[in-house]
Amino acid sequence: MNRLLRSSAATWALGTVLMGLAALAAFAIPLWYAWNATVTAGRQELLREDAQRLSAVFERGGISALTAHIDARVAMQIAGERTLLLTDAAYQPLAGNIAAWPQTISARAGSNAVLAELPGQNGRTLFVEATLPGGYHLLVGRDLARLAPVEQRFTWGLVSAVLLLFVVGVLGAFLIRRALLARVSDIGQTVGAIMRGDLHRRLPSGGSDEFATLSRTLNGMLDHIEHLICGIKNVSNSIAHDLRTPLAEVRSRLEELALTRPPPAEAYAEIEAAVADVDRVMGMFNALLRLAEIDSGARRSGFVRVDAARVAAEVVEFYEPAAEEKGVVFSFLNGGEAPVAGDPVLLAQALSNLIDNSLKCVAEKGAISVHVGRRADGAVEIAVADDGPGIADADKPKATERFFRGDASRGTPGVGLGLSIVDAVARLHGGVLQLLDNHPGLRAQMVLPGR
Amino acid sequence: MKILIVEDNERVARFVTRGLREAGHTVEHANNGRDGLFIAASEPYDVIVMDRMLPGNIDGLAIIETLRKSGNRTPILILSALADVDERIRGLRSGGDDYLTKPFAFGELLARLDALGRRPVESGGERVLLVGDLRMDLLSRKVTRGARTITLQPREFKLLEYLMRHADQVVTRTMLLEAVWDYNFDPQTNVVDVHISKLRSKIELDGEPPLVRTVRNAGYMMCEHE
Numbered sequence: 000m001n002r003l004l005r006s007s008a009a010t011w012a013l014g015t016v017l018m019g020l021a022a023l024a025a026f027a028i029p030l031w032y033a034w035n036a037t038v039t040a041g042r043q044e045l046l047r048e049d050a051q052r053l054s055a056v057f058e059r060g061g062i063s064a065l066t067a068h069i070d071a072r073v074a075m076q077i078a079g080e081r082t083l084l085l086t087d088a089a090y091q092p093l094a095g096n097i098a099a100w101p102q103t104i105s106a107r108a109g110s111n112a113v114l115a116e117l118p119g120q121n122g123r124t125l126f127v128e129a130t131l132p133g134g135y136h137l138l139v140g141r142d143l144a145r146l147a148p149v150e151q152r153f154t155w156g157l158v159s160a161v162l163l164l165f166v167v168g169v170l171g172a173f174l175i176r177r178a179l180l181a182r183v184s185d186i187g188q189t190v191g192a193i194m195r196g197d198l199h200r201r202l203p204s205g206g207s208d209e210f211a212t213l214s215r216t217l218n219g220m221l222d223h224i225e226h227l228i229c230g231i232k233n234v235s236n237s238i239a240h241d242l243r244t245p246l247a248e249v250r251s252r253l254e255e256l257a258l259t260r261p262p263p264a265e266a267y268a269e270i271e272a273a274v275a276d277v278d279r280v281m282g283m284f285n286a287l288l289r290l291a292e293i294d295s296g297a298r299r300s301g302f303v304r305v306d307a308a309r310v311a312a313e314v315v316e317f318y319e320p321a322a323e324e325k326g327v328v329f330s331f332l333n334g335g336e337a338p339v340a341g342d343p344v345l346l347a348q349a350l351s352n353l354i355d356n357s358l359k360c361v362a363e364k365g366a367i368s369v370h371v372g373r374r375a376d377g378a379v380e381i382a383v384a385d386d387g388p389g390i391a392d393a394d395k396p397k398a399t400e401r402f403f404r405g406d407a408s409r410g411t412p413g414v415g416l417g418l419s420i421v422d423a424v425a426r427l428h429g430g431v432l433q434l435l436d437n438h439p440g441l442r443a444q445m446v447l448p449g450r
Numbered sequence: 000m001k002i003l004i005v006e007d008n009e010r011v012a013r014f015v016t017r018g019l020r021e022a023g024h025t026v027e028h029a030n031n032g033r034d035g036l037f038i039a040a041s042e043p044y045d046v047i048v049m050d051r052m053l054p055g056n057i058d059g060l061a062i063i064e065t066l067r068k069s070g071n072r073t074p075i076l077i078l079s080a081l082a083d084v085d086e087r088i089r090g091l092r093s094g095g096d097d098y099l100t101k102p103f104a105f106g107e108l109l110a111r112l113d114a115l116g117r118r119p120v121e122s123g124g125e126r127v128l129l130v131g132d133l134r135m136d137l138l139s140r141k142v143t144r145g146a147r148t149i150t151l152q153p154r155e156f157k158l159l160e161y162l163m164r165h166a167d168q169v170v171t172r173t174m175l176l177e178a179v180w181d182y183n184f185d186p187q188t189n190v191v192d193v194h195i196s197k198l199r200s201k202i203e204l205d206g207e208p209p210l211v212r213t214v215r216n217a218g219y220m221m222c223e224h225e
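As you go down the protein sequences, you meet chains A and U in turn.
For the first sequence, numbering that gives the first Met the number 0 gives the first residue as 0, with consecutive numbering after it.
For the second sequence, numbering that gives the first Met the number 0 gives the first residue as 0, with consecutive numbering after it.
Only chain A is shown next, with the shape it has when bound in the complex (with noise of 0.2 angstroms):
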C-alpha cells in the first residue's frame, strides 16, 4: 500500500478524486443554499401571515378573544405540524399546544423569524413571535420535519458520490498502476537484458498507444546503440588485425637497419618504405576519425539544400580522365535536379568511393555508369554500377563492415574504410546504402530522402 501511495498512478488517482470532490461541492453548495434560502423564505412568509391574522384577532376582541381562537385552532389541528402559543407578559401560557415558553426563544419587539428545536419533538421547527398590546406574547410554529426526507436524501446521494468518488479513484490508482507496472517492467526487463549484453533485445511495441510509441522510439534507440557498438567491436578486433600487420613491416623495416646497417642507398630505399608505411597506418586512422566524425552526427548540424545531381556530375568529371586513362567505359545519367538535404562535401566524399571502388575492381575496358535522379516516391537515388566481379551475396552484409575486404578487393589498394564511410554518409542523411546484382557486377546505391 506504502508502494501503492508513492507511484505515480496514486498520485494521478488521488488528483482525480480531489478534483471530483471538488465538482461536487461546486454542484452541492449552491443548490443547498438555494433549497433552503426558498423553503424558509416561504415558510416565514406564511407564519407571518398567521401572526398577523391572530393580531388582528386580538386587536377586535382583545385576548379573550384570542385566547378562545387559537384554543379553537388547536382543537381543531393535525397534533406537530403547527405550533401555537399564548403567554402574557411573564411567559406564563394562556393557550396553544406547547406547555412552554421555548427558552431558546428570547422575545424581542416585533415579528422574528427564529430556527429552534423544541424539547420532546424531532426535528426544527421555525418560529414566528410577535409581542402584542399589553404585554402577550405570541409565538407561532412550523415544523420542518416534512421536508427532513428530502433532505436526508440529498444527504445521503451526495455521501454515496463521495464515497463512489473514493472507491473508482483507489481501484483505478490500483488498475492503472497495475497496467503500467506491467509495460514499465517489459521495458525495465529488457533493458536489463542489453544491460548484461544481449543487445538484440527490443521493446514490444505491439499497439499504437504511447507506450507503443515510446518503445518503437526506444527501439530505434538501440537499433542505433547497437550499430555503434558493434561498429566500435569491429574497430577494435580490426585495429589489431589490420593495423598492427603495417607497423609490424615497419618494426621489422626499421629493425632489419638497425641491425644490418646496409649501404645508404639501400637504407633509403627501406627508410621510404617504412615512411609509405607509416603512411597507410595514417591513412586508416584518418578513415577512422572521419567515420567517427561521420557517425557522431554532428555534421549534420552543418546540412543545407543540396543538389546531388549537381555533386555528382562534379565528382564524375573529377574522375573522368582516369576512368579514360584506364580504358574504363564511364558513363553519367543524369536524371534532372535532385534536392536533398545534406553535406555537400560528404556527399562527394561518398560517390568518389563508390567509383574508387568500381575503377579498382573492373577490367580494362570495363564499363562504369553512374546514376542520379529523383524516384517516384521523391527520394533520391545516387547509383554507381559496375561490370566487375561484384560483392558475392553472402559477403554482401559484411561490406560495409569496417576493414572488411572481399575476395575481389584483396590485393587492390585501400584500407577497407571505403563503403563503412559511404554507408556512415548515407545513414547521416537519413538514408541507406544498398549493394545489389547488376548482372554482372555490383550496383550500390545510395538512396536518400529527398527534399
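One or more of the hints may lead you astray.
[Claimed, not checked] Below 27 angstroms or equal to it, Euclidean Cα-Cα: the simulated DSSO-like pairs (lysine-lysine) are:
#  : chain 1 : residue 1 : chain 2 : residue 2
1  : U       : LYS197    : A       : LYS359
2  : U       : LYS201    : U       : LYS141
3  : A       : LYS232    : A       : LYS397
4  : A       : LYS325    : A       : LYS364
5  : U       : LYS201    : A       : LYS364
6  : U       : LYS157    : U       : LYS141
7  : A       : LYS232    : A       : LYS395
8  : A       : LYS359    : A       : LYS325
9  : A       : LYS364    : U       : LYS197
10 : A       : LYS359    : A       : LYS397
11 : U       : LYS101    : U       : LYS197
12 : A       : LYS325    : U       : LYS201
13 : U       : LYS101    : U       : LYS1
14 : A       : LYS325    : U       : LYS197
15 : A       : LYS325    : U       : LYS157
16 : U       : LYS157    : U       : LYS201
17 : A       : LYS395    : A       : LYS359
18 : U       : LYS197    : U       : LYS157
Hints were generated in silico from the structure; no laboratory data involved.
Dock chain U against the given chain A, drawing on the hints supplied.
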C-alpha cells in the same frame, strides 16, 4: 623566408626547424604560448607556424586572435592534431590562413609555407599570368602558349590558374584538391595525377619544353625550365 615556429613538442619542432633550415629558411622557435605571442608581436616574420594546443595559459587560436586584433597580418599556418571540419573552420575563423593536421608530411608543410609566404598581400590586381611563354588572360579566359591557343575545360583552367599563381613553388595533391575541387578528402586513386597529365598533354606539346615538374614525394611545381 623568416619563419617563426610556435610548437611545444620538442621533437616536432626540431624536425620542422631542421627541415626548413635545410630548405634555406631562417627559423626561430618558441615552445610556449606566451613566448610565441611576445616574439611574434615584436619582430616581423614572413610566416608563422602555430601549434594549437600550447602550454603557458594561452593557446594557439588565442595568440592568433590577439595578433590579428593588434593589426599583425603575417600569414599563419595552424598545425593541429584536431582534424574535424569544425575545428578547421574555427582555426581559419580565428585568423589563421591555412590549417594542417598532425601528423603531416614535411613536404606538405614546406609547400604550404611557401605558398603562404609568397602569397601577395593584396591579390586580384593582375589580369594576366605568365610562366615562360605560357600566358593566361584572366578576364577573357584565354590561354596561349607562344602563338598557339589552348582550349581548356573550366576545371582545367582553374587547375592551371592555381599552378601558375604558385609558379616556382611546390604544390601538393592535397593543396590542389582543396583549391581546385574544394574536396578535403583523399581519393584512393591517383585522380589528381591523371588530371595533371591531361593538362600537361594540352600545354606541353611534343617539342615544347615542359612546364609542370613532378616533385618526388611532394607534388608538382610549375616553372620555366632551365
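Quick rundown of the hints versus the structure:
At most 27 angstroms may separate the alpha-carbon atoms for a hinted pair to count; LYS197(U) and LYS359(A) meet this at roughly 20 angstroms. Between the alpha carbons of LYS201(U) and LYS141(U) the distance comes to roughly 14 angstroms, so the proposed pair stays at or under 27 angstroms and holds. Straight-line distance between C-alpha atoms of LYS232(A) and LYS397(A) comes to about 14 angstroms, which keeps the hinted pair within the 27 angstroms bound. At most 27 angstroms may separate the alpha-carbon atoms for a hinted pair to count; LYS325(A) and LYS364(A) meet this at roughly 8 angstroms.
Between LYS201(U) and LYS364(A) the alpha-carbon distance is near 24 angstroms, which keeps this suggested pair within the 27 angstroms criterion. A C-alpha spacing of about 12 angstroms is found between LYS157(U) and LYS141(U), which places the hinted pair at or below 27 angstroms, so the restraint holds. Among the hinted pairs, LYS232(A) with LYS395(A) is consistent with the structure: their alpha-carbon atoms are about 19 angstroms apart, no more than 27 angstroms. Distance restraint check for LYS359(A) and LYS325(A): the Cα-Cα separation of roughly 10 angstroms lies within the 27 angstroms cut-off, and the hinted pair is therefore satisfied.
Taking the CA atoms of LYS364(A) and LYS197(U), the gap is near 19 angstroms; set against the 27 angstroms cutoff, the hint holds. Under the criterion of a C-alpha separation no larger than 27 angstroms, the hint pairing LYS359(A) with LYS397(A) is consistent with the structure, at around 19 angstroms. For the hint linking LYS101(U) to LYS197(U), the alpha-carbon distance of about 32 angstroms lies beyond 27 angstroms, and the restraint is violated. For the given pair, LYS325(A) sits about 19 angstroms from LYS201(U) by alpha-carbon distance, which is consistent with the 27 angstroms threshold.
Taken as a hint, the LYS101(U) and LYS1(U) pair is honoured in the structure, with Cα atoms around 22 angstroms apart against an allowance of 27 angstroms. A distance of roughly 13 angstroms separates the Cα atoms of LYS325(A) and LYS197(U); the hinted pair therefore holds under the 27 angstroms criterion. At most 27 angstroms may separate the alpha-carbon atoms for a hinted pair to count; LYS325(A) and LYS157(U) meet this at roughly 24 angstroms. Straight-line distance between C-alpha atoms of LYS157(U) and LYS201(U) comes to about 14 angstroms, which keeps the hinted pair within the 27 angstroms bound.
Between LYS395(A) and LYS359(A) the alpha-carbon distance is near 18 angstroms, which keeps this suggested pair within the 27 angstroms criterion. Of the supplied pair hints, the one linking LYS197(U) and LYS157(U) holds, its CA atoms being roughly 14 angstroms apart against a limit of 27 angstroms.
Checked against the numbered hints given earlier, this structure breaks only hint 11.
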